[in-house]
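Q: Starting from the two chains in their separate frames, assemble the complex, guided by the hints.
The lines below spell out each chain.
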Amino acid sequence: MTTFRGANCGLGAKPVCSVFTDTGSNATEGSGGVEMRYEAPETMKAAVALLASDEHGRVLAGGTDLLVQLRADTIEPSLVVDIKKIDEMCAITRENGGFRIGAAVTGAELGEHEAFKSVWPGVVEALELIGSTQIQGRATMGGNLCNASPAADSVPAMIAAGAIATIEGPDGRRDVPVGEVATGPGRTSLRAGELVASFLFPEQAPRTGDAYLRFIPRTEMDIAVVGAGVCLTLDDSDVCVAAKVSLGAVAARALAPEAAAKALIGTPVDDAALAELSRAASAAAQPIDDKRGTREFRIQVTGVMARRAAETALARAKGA
Amino acid sequence: MTGVGELPETRSVTLSVNGERHEIDVETRMTLADCLRRKLGKTGTHLGCEHGVCGACTVLVDGRSARGCLMLAVQANGAEITTVEGLASRGGEWHPLQQAFHEHHALQCGFCTAGILTSMVEFLGENPDPTEDEVREALSGNICRCTGYQGIVRAVLDAAGRLRARNGAIAP
Ligand SMILES: Cc1cc2nc3c(=O)[nH]c(=O)nc-3n(C[C@H](O)[C@H](O)[C@H](O)COP(=O)(O)OP(=O)(O)OC[C@H]3O[C@@H](n4cnc5c(N)ncnc54)[C@H](O)[C@@H]3O)c2cc1C
Ligand code: FES
Ligand code: FES
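First to last, the protein sequences are chains A and B.
Take the first sequence: its position 297, counting from 1, is numbered 297 in my numbering, and each next residue is one higher.
Take the second sequence: its position 44, counting from 1, is numbered 44 in my numbering, and each next residue is one higher.
Bound conformation, chain B alone (with noise of 0.2 Å):
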């Protein structure tokens, strides 16, 4: 047991956080949500339910979605981590989800947003031409408690096309 006074165990991890490279030390129980947020400022990460099931806490974690919060921050040592404020082009343009999430109002409060952007970047990498099902399919994993998702099934499809188009492939 921990007794008072003592410090919690913690370890030393290397994270690359959107193209940038930390190594800090972190408590072994700390999850890579709450890393993401308190030691490296990268509060775009949102925390709902903090046990799976809400998705906003959903970052990319080699490419891959997964649930900032849970992952402990131990468990991605080594991996290339991409949040929210990881999409725009470093010259401050939006990527084509965010421009088409402004667009069609895809969000009121914002709060699911984060998890949502990062889950569809994943999403129309795999799949780049989905149908308007495999959209809300792919959207199941997030809970928004505002928009009704109507905007966020548009906003992706647009964003479909927007990205299609801009890696050269010609749209139907």
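For reference, chain A alone in the conformation it holds in the complex (with noise of 0.2 Å):
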């Protein structure tokens, strides 16, 4: 047996691959060339100004995009300002019938939710798929939206579920979207001094089912080559009211087309439904080529994955 001392091991400088982060550097060991200030404030207002004194300044939740860009060196910020010791961030209450989840919650502690799991599965099987439980156990749904990777898994269930983003900032509080947070690989519309605070998930109507499906080339810690989310409502003879489809890694961001939950409303999301919605999420697929996918390869996956989000969600809203 071959004994193998890792004293030394990890210490040279080695390429970094990007797979995870979409940022395309193959930069070594980040040893820094910036001096990185970093806080950990108790409120959301000293957090808020820390980020406005600061144009270089990063929002710090998990760490597991942030500390990947700052060792490839894509990233130089002067200060970090760590959001997991301010309480109402790592908090998880309930909301007018809905949850409110702060952005620092981690997937482990939003899948250890029963009472959120059992009204949100297809967000929380979206969470349970990004990296392993390593990564699980600090990697936040604020942290998966801000990095702004078109395959972020959570994103697609969270627009699928409508969920709106609570944001403050230097000018106060304001509520959007969440589909409307990232603008493309690695932008966001958050302003100057703003981070996500918290995200609003509203009350669920009665027979409502939600689910999120992704293809990847492996069963584990690989990203989507294409995501599908689906939430829809069921009326009591079991037609479609209202439906919201999401798809990730196709476009620049997540996109939610209104062709693809039109195929669904008022029908019985029977056989001929679900062909119309595959048909209208390929149309609505835009997605690269690469080495993870073709292309013609993913407008199709992107059709069948959203048919079998939809028939999972479908059971879910019938209670099954």
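No lab work stands behind these hints, which were simulated from the structure alone.
From a predicted model like this one, the values you see are computed outputs, not experimental measurements.
By construction, the Cβ of each residue, glycine as well, lies at the ideal position given by its N, Cα and C atoms.
Certain hints may be false.
[To be verified] Not close to chain A: a few residues of chain B, all C-beta gaps over 10 Å, as computed:
| no. | residue |
| --- | --- |
| 1 | G92 |
| 2 | P130 |
| 3 | R164 |
[Stated by the list, open to error] Under 8 Å between C-beta atoms, here's a sample of chain A residues computed to sit facing chain B:
| no. | residue |
| --- | --- |
| 4 | M36 |
| 5 | G63 |
| 6 | L67 |
| 7 | I75 |
| 8 | D82 |
| 9 | A108 |
| 10 | Q134 |
| 11 | R295 |
A: Set out below in structure tokens:
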């Protein structure tokens, strides 16, 4: 048996793979040229004031994206503001029959929240696809959204669920639909000094079900080639009265094609409706060609994922 | 920008590592894994990919497994950290997982082992009687390039039985 002492391993410079961050860097270990101040404020107000004081400041939640980028030298923040010490950002509370989830709540914590999980299983299954246990114990929905990767798994699920992002900034608080936060790879609509404080999942109508599915080349630890989130509501005669469909990894940001949702509304979500959903989802996709899938393949898979997610959402709406 | 000769920004942090309290100054950019290895000499925590994928650097932070390479040491301020060095008893008796890994040939070069052991401590704490499939899924965040995983899976299942017996549960 070979024995191997790892004492020196990992300290040398080596290429950094950018698979999870879309940063495209091949830089080496980030020893960092910029002095980086670290602050862990205990109030939202203090966090906003800190962020507003430094245009090169960054929010730090779980750090599972930020640390990779920091070490690859693709970002050089002069300030990081750790938001995990702010109570309201780590809280899960009920609000008007819905749930308010702090932006710093981890995927693992949300997955362990039985009440949330039973109402929004699709959101939880999306979060539980992020990395492995060791990533989920740190990673947050706020980070997944604000990192603004087109392939972020929780984002289509949140959009389908109709979640609202509550944003705090120097000018106070504003609420925007989750779909309006990311604007393109690595870009958000957040203004200087702003951060996402929490997400509101509004009260769910009876007989509603949600689901998220993605396609990846392996079963774990990879990013979506295509992701699809579906949320639908049935009336007492099993006719779909409301639906939202959101697609990830097939455009510069998550899409929410109206035509795909319309394919379900007013139908019993039968084969004909599902075929129409599939067609509309594929038609909406504007994917790129890369090593993880060709454009043509992604367009086809988009329809398949949307259909399968809708089938799961349907079963959940029926209480199965 | 840090000019030549200027000192990098540091912070004082308190870490409890394997039950021992340390108050140290760390650079704000230093990862927890580097801090454990370089500042505290806990070189049992290995660094492979340094971007969260391989699992070699996994440690327990307040009981939850986390990537040592994806956390800043300053983020761990006030936390209880367990590394592979903290798994054996004070008297030096191996943890049942370590014993099972030894017996089932669950390591060859050993580079992945510390991260797998810490991940499995958390996993068996949450799921004391897992199926083989559950063990395989729980291992998906740790890459081993030597063993082919068979011995690891057997060892984890065996350790689960030992831990159940040790904790007084009736083994099935
Ligand atoms: C091994 C590995 C596997 C991964 N697998 C997946 C995967 O399968 N699917 C997937 O979607 N992602 C994956 N990721 C990416 C990452 O884990 C997720 O995007 C995660 O949700 C990021 O959350 P975080 O809390 O760690 O964010 P951080 O790294 O702390 O932050 C990410 C970005 O968002 C900003 N930010 C964070 N919180 C806020 C806030 N409240 N307001 C404003 N800005 C904020 C930060 O400044 C930073 O720019 C993976 C990462 C790794 C390392
Ligand atoms: S070194 Fe941290 S996951 Fe590979
Ligand atoms: S024993 Fe060599 S990597 Fe697992």
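Q: State for each hint whether it applies.
A: For each hint, the structure was consulted:
The claim that G92(B) lies off the interface holds: its Cβ sits roughly 19 Å from the closest Cβ of chain A, which is beyond the 10 Å cut-off. Non-interface call for P130(B) relative to chain A: holds, since the shortest CB-CB distance, roughly 13 Å, exceeds 10 Å. R164(B), annotated as away from the interface, keeps every beta carbon of chain A farther than 10 Å; the closest lies near 21 Å. At a threshold of 8 Å, the smallest CB-CB gap from M36(A) to chain B is about 5 Å, leaving the interface hint in force.
Taken as an interface hint, G63(A) checks out: its beta carbon lies about 6 Å from the nearest beta carbon of chain B, inside 8 Å. Hint status for L67(A) relative to chain B: holds, with the closest Cβ pair at about 5 Å, below 8 Å. The restraint placing I75(A) at the interface with chain B is violated, with a minimum CB-CB distance near 12 Å, outside the 8 Å limit. Because the closest C-beta pair between D82(A) and chain B is about 6 Å apart, less than 8 Å, the hint holds.
Given hint, A108(A) at the interface with chain B, holds; its Cβ is 7 Å from that chain's nearest Cβ, closer than 8 Å. Below 8 Å, beta-carbon pairs count as interface contacts, and Q134(A) has one with chain B at about 5 Å; its hint therefore holds. Here the hint on R295(A) is broken, as its CB sits about 26 Å from the closest CB of chain B, past 8 Å.
Comparing the model with each numbered hint stated earlier shows that hints 7, 11 do not hold.
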